[in-house]
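Engineer: If you want the building blocks of each chain, they are given just below.
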Amino acid sequence: MPRGRNGTRARRGRRLFVGVATFAAAVIAMVVPGAAAQATGPAPTVLKVHVNLPKTSSGLEAAADFSNAEVDVFYQEANPPDSYSAPLMGTGTTDANGNVTITLDTSMVTDPADLGDGNNNAFNATVAAIWSTGIGTGAERDMILTEGSTTPITMTPDPSETVTSNTSFQASNINHHVDSASNHVPVLAFNVGNGMNGDFTMTHNTSTDRQTKVQVAWSYSGTAPFSVGAFFEEQKARTYSTTYSKGESYGGPFHDYVWANYNSWKWSTQTCGIRGCTRVRYKWELHDWTGDLTNDNPDPSCNGCGKIGVVGYNVPAYTTHSDDTVLLSPTGQKSATRGSSIIYSYGESVDFAGFVSLSAKATYGNITSVTWHAASSGCSSPQSRLLWGNGYTVPNAPIVQSNCFIRPTSP
Amino acid sequence: MTSTRSGSRRSLRGAAAAALAGLLATLAVGCDASAGPDAVTGKALTRGNVWTFGLVALRPGAQIGLLDATVHNQSRFPLAISSITLTGRGFGSVIKLVEVKIAPPETGRNGTPGGAFKAYPPTVYWTVGGTCNQQVLVTVRGYRLAPGKGARVYFLVQAGKPGTYHVNGDVVRYRQRGVSYRQFIPTGYQGSVATHAPFEPVDPLEARCIKSEHARLLPGQYLTKPRNYG
Numbered sequence: 003m004p005r006g007r008n009g010t011r012a013r014r015g016r017r018l019f020v021g022v023a024t025f026a027a028a029v030i031a032m033v034v035p036g037a038a039a040q041a042t043g044p045a046p047t048v049l050k051v052h053v054n055l056p057k058t059s060s061g062l063e064a065a066a067d068f069s070n071a072e073v074d075v076f077y078q079e080a081n082p083p084d085s086y087s088a089p090l091m092g093t094g095t096t097d098a099n100g101n102v103t104i105t106l107d108t109s110m111v112t113d114p115a116d117l118g119d120g121n122n123n124a125f126n127a128t129v130a131a132i133w134s135t136g137i138g139t140g141a142e143r144d145m146i147l148t149e150g151s152t153t154p155i156t157m158t159p160d161p162s163e164t165v166t167s168n169t170s171f172q173a174s175n176i177n178h179h180v181d182s183a184s185n186h187v188p189v190l191a192f193n194v195g196n197g198m199n200g201d202f203t204m205t206h207n208t209s210t211d212r213q214t215k216v217q218v219a220w221s222y223s224g225t226a227p228f229s230v231g232a233f234f235e236e237q238k239a240r241t242y243s244t245t246y247s248k249g250e251s252y253g254g255p256f257h258d259y260v261w262a263n264y265n266s267w268k269w270s271t272q273t274c275g276i277r278g279c280t281r282v283r284y285k286w287e288l289h290d291w292t293g294d295l296t297n298d299n300p301d302p303s304c305n306g307c308g309k310i311g312v313v314g315y316n317v318p319a320y321t322t323h324s325d326d327t328v329l330l331s332p333t334g335q336k337s338a339t340r341g342s343s344i345i346y347s348y349g350e351s352v353d354f355a356g357f358v359s360l361s362a363k364a365t366y367g368n369i370t371s372v373t374w375h376a377a378s379s380g381c382s383s384p385q386s387r388l389l390w391g392n393g394y395t396v397p398n399a400p401i402v403q404s405n406c407f408i409r410p411t412s413p
Numbered sequence: 004m005t006s007t008r009s010g011s012r013r014s015l016r017g018a019a020a021a022a023l024a025g026l027l028a029t030l031a032v033g034c035d036a037s038a039g040p041d042a043v044t045g046k047a048l049t050r051g052n053v054w055t056f057g058l059v060a061l062r063p064g065a066q067i068g069l070l071d072a073t074v075h076n077q078s079r080f081p082l083a084i085s086s087i088t089l090t091g092r093g094f095g096s097v098i099k100l101v102e103v104k105i106a107p108p109e110t111g112r113n114g115t116p117g118g119a120f121k122a123y124p125p126t127v128y129w130t131v132g133g134t135c136n137q138q139v140l141v142t143v144r145g146y147r148l149a150p151g152k153g154a155r156v157y158f159l160v161q162a163g164k165p166g167t168y169h170v171n172g173d174v175v176r177y178r179q180r181g182v183s184y185r186q187f188i189p190t191g192y193q194g195s196v197a198t199h200a201p202f203e204p205v206d207p208l209e210a211r212c213i214k215s216e217h218a219r220l221l222p223g224q225y226l227t228k229p230r231n232y233g
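First to last, the protein sequences are chains A and B. Going by the numbering used here, the first residue of the first sequence is number 3, and it counts up by one from there. Going by the numbering used here, the first residue of the second sequence is number 4, and it counts up by one from there.
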């Protein structure tokens, strides 16, 4: 009997423990965000593709339905060698509605870039869609994807594309470095008013080393004219740290564009799906930063033109709410640093043996930042050292204005 | 034998208690004690860019008012602010929060630019108008933001023990359509607290309006350097 009673108590105790443990596990799963996800691993990286139908020369749709288009996704590695075969991240075939959802294998993603939100999770990829062999039955697109995200895209057949049969029946994306060019990329409209100093810093650290993106320029022939493709992250990890300083201690107020000198690489690329290969394409892609920052761009603006030189930033007339300014003062709030997730797109004309207008996106994050400091002189009462956003509050401004002036009237 | 069985029961009860304690600890970490049990991450407020404002060194006990952060309702529905606090390294020890207020959008003499202020409420001379402006401050709790509307946030902070701090942003709690949310806004501050921090005078544009606007100098702030300041 005693043993029985003790046995009953023990069983009750075990039931109590199991009950509490089960309850605890259930509550943790309900209440702690990500607890369930952590048990099953990180969120998948997914590409949701919709395809449009190929059209004939008369504009009619060549296929009867949307199904059976092959979609392949290739990883464009960071720090690529001169020649490489991009690994296949995923493949799929569209359904009758033209849709396919591909969960990507990201195991090969190394050294991802930071889009400015502090997460190292961005990488370059090439997506190819192949409907069949023949003219106008393929499409290719470069894009930046982020790990753990679902990205929707639509692929439309390129009428200039010709898909030939793939005798190897293996999906591949082969890349060869065939040329290089040096170009200055606009990365900042830098404003530093009287009585202030500004430090624009581009650097790298152990976790983040790539943050600038520029559109890809491509053509089938390798010569001009080039078409403008999607944005790609700089390919090679930054190895330099440069602080570009202007303002009171460096000759006075400064309102110019700042350019970062990058080497671009021209790639010869060919993509094959299981059922066919697209034409060889030549692509100019942003490769490596030389460590130089300047406001005096030595690149020509067009064939036969002189250098672009210094491009001043036109400070807009003050129209915003006067209280949206932020005061800097050597005796109070003496500095302001923008290391931000915002990206701002600057247009540029780039010479790739033939000029093409591209956009560069300057991303401010932990390795690309601007700090304004109130200098001890250069701006005295009744004027004030003010940061302002031209229609935005300072924390939300795409371009930060900086002036020593008498605070304007309220609207 | 009995002793062993009793030990077994104690161990099972101990395990159950440990599981409960673990549960409570996990809940505390998962929910963030500062957020409370109703912490759902919201997206109604514009996150804005990452900004860090650098402040002059303060002596322990000195106060300063900070008017840089914004709350902007980017959603389609109105919301009501419940509370706002700061978060980051050194917050609560090196730098402490004394008061939080909303600075509503104002025109004319009822508004000031952003920045760090040594008088309360924020007061500054407006050169163009030839007047002194003083920022209107209102209670945080219950402050309503209609869709598309914004306001600034005023933090009155006090220097604590010597050291450095890096407040990397503020945590805003609000209610919208019956649901409580919390959201991080990355407007932060950094600086230091030192026993012998050098004297920094009040900005002249601020100083000339303190008397006429009946503002008060914050503790540890002086118009001229006190004789015994050191």
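Honestly, the hints are just simulated from the structure, not real lab data. Virtual Cβ for every residue (Gly too), placed ideally from N, Cα, C. It is possible that some hints are incorrect.
Claimed, not checked - If we take Cβ atoms under 10 Å as the criterion, some of the chain A residues that face chain B in the derived model are:
id, residue
1, VAL282
2, ASP325
3, LEU330
4, ARG340
5, THR373
6, ALA377
7, ASN392
Said to hold, decoys possible - Per label pair, the in silico range of CB-to-CB distance:
id, chain 1, residue 1, chain 2, residue 2, range
8, A, THR208, B, GLU102, 35 to 43 Å
9, A, ASP181, B, SER86, 54 to 62 Å
10, A, SER379, B, SER86, 36 to 44 Å
11, B, GLN77, A, ILE408, 29 to 37 Å
12, B, THR198, A, PRO83, 52 to 60 Å
13, A, PRO318, B, THR198, 43 to 51 Å
14, B, ARG219, A, ILE408, 20 to 28 Å
15, A, THR208, B, LYS46, 54 to 62 Å
16, A, PRO83, B, LYS46, 40 to 48 Å
Engineer: Indicate, hint by hint, whether the structure satisfies it.
Structural biologist: Hint-by-hint comparison with the structure:
{"no.": "1", "hint": "VAL282", "verdict": "violated, 42 Å"}
{"no.": "2", "hint": "ASP325", "verdict": "holds, 4 Å"}
{"no.": "3", "hint": "LEU330", "verdict": "holds, 7 Å"}
{"no.": "4", "hint": "ARG340", "verdict": "holds, 6 Å"}
{"no.": "5", "hint": "THR373", "verdict": "holds, 8 Å"}
{"no.": "6", "hint": "ALA377", "verdict": "violated, 13 Å"}
{"no.": "7", "hint": "ASN392", "verdict": "violated, 14 Å"}
{"no.": "8", "hint": "A:THR208 / B:GLU102: 35 to 43 Å", "verdict": "holds, 40 Å"}
{"no.": "9", "hint": "A:ASP181 / B:SER86: 54 to 62 Å", "verdict": "holds, 59 Å"}
{"no.": "10", "hint": "A:SER379 / B:SER86: 36 to 44 Å", "verdict": "holds, 41 Å"}
{"no.": "11", "hint": "B:GLN77 / A:ILE408: 29 to 37 Å", "verdict": "holds, 32 Å"}
{"no.": "12", "hint": "B:THR198 / A:PRO83: 52 to 60 Å", "verdict": "holds, 57 Å"}
{"no.": "13", "hint": "A:PRO318 / B:THR198: 43 to 51 Å", "verdict": "holds, 45 Å"}
{"no.": "14", "hint": "B:ARG219 / A:ILE408: 20 to 28 Å", "verdict": "holds, 27 Å"}
{"no.": "15", "hint": "A:THR208 / B:LYS46: 54 to 62 Å", "verdict": "violated, 31 Å"}
{"no.": "16", "hint": "A:PRO83 / B:LYS46: 40 to 48 Å", "verdict": "holds, 41 Å"}
Checked against the numbered hints above, the structure violates hints 1, 6, 7 and 15; every other hint is satisfied.
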